[in-house]
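J.: Listed here are the chains, written in short residue letters.
2 protein chains.
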Amino acid sequence: MATIQLYYWPTITGRGEFIRLALEDAKYPYKDEARTKEGLDEMLSVINPTAESPFDIPPLSPPFVFIDDLPPLAHVAKILFVLGPRLGLAGNNSETERALINQLQLSVSDIVSEVHDSHHPIATSLYYEDQKVEAARRTHYLVNERLPKYLSYFERILAKKTANVLVGDTVTYVDLSIFHLLCGLKYAYPKAMARIEAYIPRLLELKRSVAERPNIKAYLASERRLAFNENDLFRHYSELDL
Amino acid sequence: MATIQLYYWPTITGRGEFIRLALEDAKYPYKDEARTKEGLDEMLSVINPTAESPFDIPPLSPPFVFIDDLPPLAHVAKILFVLGPRLGLAGNNSETERALINQLQLSVSDIVSEVHDSHHPIATSLYYEDQKVEAARRTHYLVNERLPKYLSYFERILAKKTANVLVGDTVTYVDLSIFHLLCGLKYAYPKAMARIEAYIPRLLELKRSVAERPNIKAYLASERRLAFNENDLFRHYSELDL
Chain W
1 MATIQLYYWP TITGRGEFIR LALEDAKYPY KDEARTKEGL DEMLSVINPT
51 AESPFDIPPL SPPFVFIDDL PPLAHVAKIL FVLGPRLGLA GNNSETERAL
101 INQLQLSVSD IVSEVHDSHH PIATSLYYED QKVEAARRTH YLVNERLPKY
151 LSYFERILAK KTANVLVGDT VTYVDLSIFH LLCGLKYAYP KAMARIEAYI
201 PRLLELKRSV AERPNIKAYL ASERRLAFNE NDLFRHYSEL DL
Chain A
1 MATIQLYYWP TITGRGEFIR LALEDAKYPY KDEARTKEGL DEMLSVINPT
51 AESPFDIPPL SPPFVFIDDL PPLAHVAKIL FVLGPRLGLA GNNSETERAL
101 INQLQLSVSD IVSEVHDSHH PIATSLYYED QKVEAARRTH YLVNERLPKY
151 LSYFERILAK KTANVLVGDT VTYVDLSIFH LLCGLKYAYP KAMARIEAYI
201 PRLLELKRSV AERPNIKAYL ASERRLAFNE NDLFRHYSEL DL
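Protein chains in written order, with UniProt numbering: chain W, 1 to 242; chain A, 1 to 242.
No lab work stands behind these hints: they were computed from the structure.
Don't take each hint at face value.
Copies of the same chain look alike in the list, so a pair counts if it fits in one copy or across any two.
Stated by the list, open to error - Keeping only pairs whose Cα atoms sit at most 16 Å apart, straight-line, the calculated EDC-like set for lysine to aspartate or glutamate is: (1) LYS132 with GLU230; (2) LYS27 with GLU129; (3) LYS31 with GLU42; (4) LYS160 with GLU145; (5) LYS37 with ASP130; (6) LYS186 with GLU230; (7) LYS207 with GLU239; (8) LYS207 with GLU155; (9) LYS37 with GLU95; (10) LYS217 with GLU129; (11) LYS27 with GLU197; (12) LYS160 with ASP41; (13) LYS160 with GLU95; (14) LYS191 with GLU129; (15) LYS161 with ASP56.
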């Protein structure tokens, strides 16, 4: 097992966390490269549009990873699709299960983008403070329409299952991602989630069971797991949590 | 070759067009199911959250497709990843090329979502007219920051190539998607694109070469190709094109 090199912003959980949780759960050897000064500089040079890239197809933005001899891979869902079988987190590894897990992961990516845009509805390049009015308006629809739509979709899938996992009979990487999504949403919107959680009992049970997995439990207690903060993807602003 | 069943909103090009272009280019037998009343009703029942779904993992939203014996597949990038080799549009079909094509397609999906949110920055459930002020503000950043970022990224990739295609030596589905993206952007933001096009000569050449492919040319001249309109993903509002 060649060590996997993960590149992601060093001070936030962000999109990198979905990759990190899968690697930690599998106890797969990996290095969080950008948590050192040199690694961070390297990451910045790889994504710098004005620098000459050593790669034919450079990643557009973090997270990206180096796996075996593959070129750098970007996009959370793509990375997890490729990593999944290597980590034993892609169900029975059939084309069908791999496709379905990936498909659900893409919906997780979609929610994550909507969560991001709720505190940045106008531009990523502006501060939250410069788009607070629009953020409040957008977040209203996020918590009242979008989160219920997505979360009840996942809940309905669990309702058809015997094993309380989204695809197949065992925990896959998308279950780990759902765990992190629910943690992030609870952090960002505690009041709204208290309402929503009333009708997603199976997802909450899945969240609890993932938190109890020994490798995840050890990871969450370690200093490798960063605390949520207001530079992160999931942000708590009391004025947005109604 | 079993006929592929495609389900997508019948009156817009939208996200379905990325799938349609690949199928048309390959002359693969497919049926645009939701263009009949029965098919549309069927699509609506499949994505209806309150209806009992016949699928363990139903699609969350269109487009979705039925390919061979696979369960319904959703998400443009996922559908194209699975269809690509069947259509001869996935380069040399190696794990590496398939991963890279898919990765670039995911960036296309990201731009497409940003384009959508530029006319709907607050909520998909509201009319454009109810979020015009925010749309104008967001679109400013879209055309001045986001489109240049994404399009110059693709341009830089072409700059390293001998063949003017994004991955490998032959046209793949992501090249077809880039064609549609550039058509849509030109329709929506003719003034802004006139500025941007000055520094994406290779992408424009790729767009021209895709338009000349015989099956694409025939498709574009057919009535199967819908005209852009203001219910679509790419919308032209003169007040947003500055």
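J.: Indicate, hint by hint, whether the structure satisfies it.
T.: Hint check:
no., hint, result
1, LYS132 with GLU230, "within (14 Å within a copy, 28 Å between copies)"
2, LYS27 with GLU129, "neither (40 Å within a copy, 51 Å between copies)"
3, LYS31 with GLU42, "within (14 Å within a copy, 48 Å between copies)"
4, LYS160 with GLU145, "neither (23 Å within a copy, 44 Å between copies)"
5, LYS37 with ASP130, "neither (30 Å within a copy, 46 Å between copies)"
6, LYS186 with GLU230, "within (14 Å within a copy, 37 Å between copies)"
7, LYS207 with GLU239, "neither (26 Å within a copy, 46 Å between copies)"
8, LYS207 with GLU155, "within (12 Å within a copy, 42 Å between copies)"
9, LYS37 with GLU95, "neither (40 Å within a copy, 32 Å between copies)"
10, LYS217 with GLU129, "neither (35 Å within a copy, 48 Å between copies)"
11, LYS27 with GLU197, "neither (30 Å within a copy, 47 Å between copies)"
12, LYS160 with ASP41, "neither (47 Å within a copy, 24 Å between copies)"
13, LYS160 with GLU95, "neither (21 Å within a copy, 33 Å between copies)"
14, LYS191 with GLU129, "neither (22 Å within a copy, 30 Å between copies)"
15, LYS161 with ASP56, "between (43 Å within a copy, 8 Å between copies)"
This entry does not satisfy hints 2, 4, 5, 7, 9, 10, 11, 12, 13, 14, going by the numbered hints stated previously.
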